Amino acid sequence: MQHTLSVVRALGLMLVVFSAAYMMPLAASLIYDDGTLIDFLLAMVCTAAIGFLMWLLTRRYKGELSIRHGYLMVVTMWTAMPAFATLPLLLVIKDLSFTDAYFETMSGLTTTGATVLTGLDDLPPAINIWRHELNWLGGMGIIVLAVAILPLLGIGGRQLFKAETPGPMKDSALTPRITETARNLWLVYLSITIACILSLKAVGMNWLDAICHAFATMGLGGFSTHDASVGYFNSPAIEFVLIVFMLLAAMNFATHFLVWREKNLKLYWYDTEAIATVGLVLASCLGIAVFLWWQGTYPSFWTALRHASFNLVSIATDCGFTSVDFGQWPIFAPMWMLFLSCVTASSGSTGGGIKMVRTMILFKQAGREFVKLLHPTAINPMKIGGSVVPNNIVFAVLGFIFLYFMTVVTLTFALLISGLDFISAFSAIIACINNAGPGLGVVGPSSNFGVLSDFQTWVCTIAMLVGRLEIFTVLILFTPHFWRR
Amino acid sequence: MKILILGAGQVGSTVAESLVSEANDITVVDSDGEKLRQLQDRLDLRTLMGNAAHPSVLEQAGIADTDMLLAVTQSDEVNMVACKLAASLYNTPTRIARIRSPDFLARPEVFSKDNFCVDFSICPEQILTDYIVKLIEFPEALQVQEFSKGKASLVAVRAFQGGPLVGKPLSFLRTHMPQVETRVAAIFRKDGPLIPEGDTVIEEGDEIFFIAATDNIRSVLKEMRRMDKPAKRVMIVGGGNIGKRLAKALENDYQVKLIEYNKKACEKLAGELKNTLVLNGDGTDEKLMQQEHVGAVDVFCALTNDDENNIMSALLAKQGGAGKVIALINRSAYVDLLQGGKIDIALSPAHVTIGSLLAYVRQGDVVAVHSLRRGAAEALELVAHGDRQSSQVVGRRIDDIDLPKGATIGAIVRGGKVIMGHHDVVIEAEDHVIVFVINKAMVRKVERLFQVSIGFL
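Line by line, the protein sequences are chains A and P.
Residue numbering for the first sequence follows our numbering, starting at 1 and increasing by one per position.
Residue numbering for the second sequence follows our numbering, starting at 1001 and increasing by one per position.
Okay, chain P solo, but in the shape it has when bound (with noise of 0.2 Å):
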């Protein structure tokens, strides 16, 4: 596939990076040749220096042999140009656009295909906040990943002593709790994954993967851990774009406490948050931290743009008392050290937000994409189409699938209802696939499986 990027910022150069692996042409456009140097010293690409909404400099960057256009430059407008003028002089099959803009957002016919011609809009800091707000909505989960529109949830969760199922098999959790239907996806023990049978044992430490639907995630954590109380105190450092969503999304429901460094953006959060403590101050600064009661806090997030200010500040908080613990750290090699240590959760920007476009570049139809385990795992949901005749998937028994090893069908979503994926599931047309990848190597087979063979069309 032949992908054009505009913009080598955070989010275009982590796309470039995960598409590069996947066998893709990549072109990056930016205005700052310092970044694309960088860019190109890295990964294998191409790169060129211009305005990105220029069509001179779209058609140096090849767009009119283009599949797909990846607008996520910083600015809405020079996206939103980029798209208009990829539709009406080049034909570029599929647009994407960054837009972060609640006041575009919110008028979904600028985008339309007499407008700007943007097919699909996307804007990662608002998936990092939803993300984050899930974490802290359910507390003890490492990861909540979301399919079919919120009806079922993929769940990653580490087992604790005291949780009912810790120390017994798999299937004990069937006849433990026969009302609530959930499938283990995946088990990772000491950072290598297990294909989960029925007599697998759960061991303390392990992390657990687990398909459910959304309504029952509450009663499924509860068997694997010790329940905490839900959350109540939310402290946030650094008054950034997702900083400042977040506080926005929680701050109805929860105590937010949002610590930025400098004043003048501080007093701007202050007008347009409502019921957000805005302090002044240094999210590394301990006295701050213990003077506004970090103990008391159930959740702290770290989201400042700085990865060690975010670690160390997160390594405070903890020491200080602080319930669970999230940084935002960008660089992955820093996200491995990290979680799992004293560090409960070290989210990489990157990774959450890649699942999104993903999805667009991906074979069959793909609904949704979500990286797991910094990338190495992932989690599809895909659509059957066609018959017996012209589909591999379709009308056949779930056991009866030619799948990979190590991928696993958790759950199936049909006309709104989320069935789990036991293995004498028929899988009907138009159904939702939710398939678990403990490789992601083996993404091209599940997707190949799920393509309609020619003599369909």
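Excised from the complex, chain A in its bound form (with noise of 0.2 Å):
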């Protein structure tokens, strides 16, 4: 109980903390003046004030906080801040009901991007910059938690990221302590932000859409300010950037930040999930293009290229930016793209899914058991990038391939319960899932979420969450054992 109440201290302070991200909706509402700012003020007031009384009433218990309490308090932050954070959607959006407005900002906060909201264009600015902030703070979170915190945990072979940076990189550990390279990783993610919202204002943006689509796209997050997302802009360029920034997102920030402390751009040639990651996606682009091309989608092949390009990296890396409504392509390109969604996003990037360090070692798994029928006697250890992975690693992403899958196929189930049509509900879930977006059919890039009932939309959003925090950090709380003393 004692330390039950720590977490309640923990998450106190975490929320006064978060009430400072209100500065920036606040910042734009002055500037922008569309009315919003009581309401922000009112929002932040409240969080802070909430944030205090419970920081106040536990501050005693500044207990050790265990592994245990690690998978506590990650769930009741992820699932506490999204509640908070719908405040000011409720209070300035009429009509808005919470169920919906949890959706949005839980999906902002997964950095999901999926949306309940029509009319984006005309909403107020600052509430736009919330949406958007909410994707880049989500994305800052995840990175901590996936680089710093979950290997801590050890969650579905999570250990490897210690261990799997490979060749030269390997005595280079980021940093001795967790907050040394928390504050090193936003800082990468800070600067590759600026970068990317100056190169996204120099092609062609104004500050509001550059800020926004810079946040969403670091996140992976793939909200947009515009109902047609990035198809608004209808801008070669603009879709180049992206791409660019969506790709850097991909890729794990611990090889960013190697990169720029050693100054060596050949670091990220030893990374081999980034390597896997960017030649799938490669590959993908051009196979999409040439089968949208030789199918008379489009008739051109480089028109083919940008659009198979732009969205399926876009899906692939579970931002979830849409240029073109791909939910019209003959259906295997959506579903390689949806298939992409779930394997491609490296361990320690802003994306979700399974990952591809997992995919790698799966893979490697089964050519392994190939090898032990042939050769009963040979010894085949795993290699990821030259080091061994060891067997209970294996398992581990073995239980967690196993548990993703089961939640995919129970989820689905709900949906389809509900009276959900099996592409929509299937492809709803794995884009929540795999936090990519837009999924098909009711679902798709030409419309969007809203159209679900109340029961699916909390569906959806527990996929979301479930899947983000990496499935094991959740379905703990729901075991005996983690209640047993």
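Derived by calculation from the structure, the hints in this document are not laboratory data.
Worth double-checking, as some hints may not be accurate.
25 Å max Cα-Cα, derived PhoX-like pairs, lysine-lysine [as the list claims (entries may be wrong)]:
| hint | chain 1 | residue 1 | chain 2 | residue 2 |
| --- | --- | --- | --- | --- |
| 1 | P | 1222 | P | 1248 |
| 2 | P | 1232 | P | 1287 |
| 3 | P | 1134 | P | 1113 |
| 4 | A | 383 | P | 1268 |
| 5 | P | 1417 | P | 1134 |
| 6 | A | 383 | P | 1263 |
| 7 | P | 1190 | P | 1318 |
| 8 | P | 1440 | A | 372 |
| 9 | A | 364 | P | 1264 |
| 10 | P | 1134 | P | 1002 |
| 11 | P | 1134 | P | 1232 |
| 12 | P | 1342 | P | 1405 |
| 13 | A | 372 | A | 383 |
| 14 | A | 364 | P | 1263 |
| 15 | P | 1417 | A | 364 |
| 16 | A | 372 | P | 1268 |
| 17 | P | 1264 | P | 1274 |
| 18 | P | 1002 | A | 266 |
| 19 | P | 1440 | P | 1149 |
| 20 | P | 1268 | A | 364 |
| 21 | P | 1264 | P | 1248 |
| 22 | P | 1222 | P | 1190 |
| 23 | P | 1263 | A | 372 |
| 24 | A | 372 | P | 1274 |
| 25 | P | 1264 | A | 372 |
| 26 | A | 372 | P | 1134 |
| 27 | P | 1274 | P | 1263 |
| 28 | P | 1248 | A | 383 |
| 29 | A | 364 | P | 1190 |
| 30 | P | 1222 | P | 1168 |
| 31 | P | 1264 | A | 383 |
| 32 | A | 383 | P | 1274 |
| 33 | P | 1149 | P | 1417 |
Bear in mind the structure is a predicted one, so any value in this text is a computation, not a measurement.
Join the two chains, each given in its own frame, into one complex according to the hints.
See below:
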């Protein structure tokens, strides 16, 4: 009980810090004078006050947090913050239900980018800034969670990220302390974001759009300020800039940090995961472009390549921008994109899904089984980037994959029960659990999640949360062992 | 020469054995008294028990007036410290250390005068590995030794029915392939050496030593015997130091299978090797061999620490249909017994590696020494110095040089070019001369021949 209260204390502190995030929409509200100033102030005070109260009541409980409470804290944080973030949405947008608002903020903080709102173009700028900031903060949170905290908990083979930096990078472990590591990663994240804002401005966006889209890109969230998403701009230059930054965001930020510190671009080459990610995405872009051209979806190869590249990179990296309605493409193309969204993003990136390193482990494990059948006495350890992956990590990854698929199946059935058609249900769950964004069918790029019933919206909200926190973290709270002393 | 050897392991004791026979004063230091006792029983040398990196031990061993320090203990670090001590405390002129770790070897500055003062570093495992790699590259050859940084090579091959030259006199070689420069240095028939003359007829089963530029080896080999197809599949038994190095050297060009008995060692090996299939099992288990298709293997190498196991697994592999089988055998009695029988090549690690050390012990400017036919014969690479007055070789035609009978000049490397040792070639200063000596007893004479007379100094 005492420890649970110390979780509450930490959560209170967290909320006080989180209330500082309202500064940005407040500033936007002042600049654009959109009349939302009072709503945001109210929300900020509310959040800070409740957080302070929570801290005040529990401040005596400073106990050291155990791993067990690490899980509890991560999950409560990721459910409480979206709840508080709904305040300005509920205050500004009339007749928005809490269910939809919570879906929206959860989608923001889990960097999913699926939206229930329509008429984005007419929303007050401060609200748009707020939504995108959630994307950005979610990305920031997940990087630290992935690089600094989850490895300590050892979820689904996450320990790997300590051991997995191969070759010459191995001896240059990030930094000895978590806080220092986190600070450095955020610096890198911030620098790339600024580079992204400037690049987007340079290719023709206004400041508001540039900041919002840069936030959504770096968090691989995929919120847009326009209903037509990036299609609104209809600019190959913007699409190209976004592709580059989406790929950067889909790589391990630890690698970015090392490249930055060592001033050596070659280090990217030693990140086997990044190489696999970029290789798979580029090959798929070409393949889908040829496919669309051959199917006659687009008359010229270059148009096909442009649209295929942007939408494929966006979905594969779990960002979720769209430039055309790819739901209208022959089913192979969007299905392949959804498949990529499961596997492509690197560990330690802001993307979601299974993660490339786990995909590689699974592939190699399959190869190992073949070798084992042909040469029963062979000793054939799993190697990623030249270093051996211990068997217990392989098992952890297998366990993760099983839970991942079981979650997809269960939640898809939940949507099917509620009466949704199969393609929409399946694609919605895949898009949500991978934190990608748009699905297919009724939740496709031309529509959004606003059409879902309350029950269906909650199912998708759960999928986003479970996917973002790597499944184990959430489900462990529902095991009897967790609560047993 | 007074020589101090640190370490009485396999390398230390074989070096000692071979140096004692060349009339040197040897002292051996080791921390294992039992090893020293065994050595002292066999050889005429002094032994001392103690830690080879301690100054007091080195002093007792007489380092003060030692001409050469050979640090060949198991530990790189001990060897390096001993060299450093010898240099800074006792001014020992020549310091040689066995260094195995690639980490040290990758940074040569570690061995410089300012740091650990290692004049020469040797790695017997690497020498042996390079030697086996050559044998796999030229599966027909019994032995391939390089001179002058690999420009010229000495190759031993057994003549077989079907080679164009078999049954013909040696002079036929020149008319048959005029474009390829080569020279037959010696022929061993029924274990006795022959001095090759133009009219010597090559018979089946002869062991022929020839010298050629390294690029020409393959075309010369073709004259002596029917060529096998190049090796593709290699099986190695024993994942020790040599087996691992060999697998590493081969795994990118060949299909390599490595059998190792110890499971822990297997896991470590499999982690380090990239394309090698590591198998956990007994190298003498014929079921395992069949299961892994030993019959399809082109070269089979038995490289464990155990002579008997190596012999048995090589015999089993040959029985099972392996192409060429190589066995690592430490005991020289076994080597003589087995070479040329069912086992194609019986490798004696001592004889392969001793050459690199002998080059430092010899008088005159000896660049390389290769011990041949289990130490009975020798091939040397010497540098000719001086001029016609001060030297007995410079400025003279080869047939004017007073070489002892049984020693032949095989080739000369002059400024990177390989020139065959025909009788009318005139030797110039700074030439690298490759001399083949069929009897080791003549080595001294050859060395003396190449020494510059006092007048020159």
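Structure-based check of all given hints:
1. P:1222 x P:1248: Since the Cα atoms of residue 1222 of chain P and residue 1248 of chain P sit roughly 29 Å apart, the hinted pair is violated (cutoff 25 Å).
2. P:1232 x P:1287: 22 Å, holds
3. P:1134 x P:1113: 34 Å, violated
4. A:383 x P:1268: 12 Å, holds
5. P:1417 x P:1134: 22 Å, holds
6. A:383 x P:1263: Answer holds: residue 383 of chain A to residue 1263 of chain P is near 18 Å, not above 25 Å.
7. P:1190 x P:1318: 23 Å, holds
8. P:1440 x A:372: Violated, at about 52 Å.
9. A:364 x P:1264: Judged against 25 Å, a Cα distance of about 21 Å means the pair holds.
10. P:1134 x P:1002: 35 Å, violated
11. P:1134 x P:1232: 14 Å, holds
12. P:1342 x P:1405: Distance ~34 Å between residue 1342 of chain P and residue 1405 of chain P Cα, so the pair is violated.
13. A:372 x A:383: Cα-Cα ~15 Å, so holds.
14. A:364 x P:1263: 21 Å, holds
15. P:1417 x A:364: It is violated: about 50 Å lies between the C-alpha atoms, which goes past 25 Å.
16. A:372 x P:1268: 18 Å, holds
17. P:1264 x P:1274: 17 Å, holds
18. P:1002 x A:266: Roughly 52 Å between the alpha carbons, so the hint for residue 1002 of chain P and residue 266 of chain A is violated.
19. P:1440 x P:1149: 24 Å, holds
20. P:1268 x A:364: 18 Å, holds
21. P:1264 x P:1248: The given pair, whose Cα atoms are some 18 Å apart, holds under the 25 Å limit.
22. P:1222 x P:1190: Holds, at about 22 Å.
23. P:1263 x A:372: The hint holds at about 15 Å.
24. A:372 x P:1274: Distance of about 17 Å is within 25 Å: holds.
25. P:1264 x A:372: 18 Å, holds
26. A:372 x P:1134: It is violated: about 32 Å lies between the C-alpha atoms, which goes past 25 Å.
27. P:1274 x P:1263: Within the cut-off at roughly 18 Å; holds.
28. P:1248 x A:383: 16 Å, holds
29. A:364 x P:1190: 55 Å, violated
30. P:1222 x P:1168: It holds: about 15 Å lies between the C-alpha atoms, which stays within 25 Å.
31. P:1264 x A:383: 17 Å, holds
32. A:383 x P:1274: OK: residue 383 of chain A and residue 1274 of chain P at ~9 Å, within 25 Å.
33. P:1149 x P:1417: Distance of about 12 Å is within 25 Å: holds.
Figure legend: structure checked against the earlier numbered hints; hints not met, in rising order: 1, 3, 8, 10, 12, 15, 18, 26, 29.
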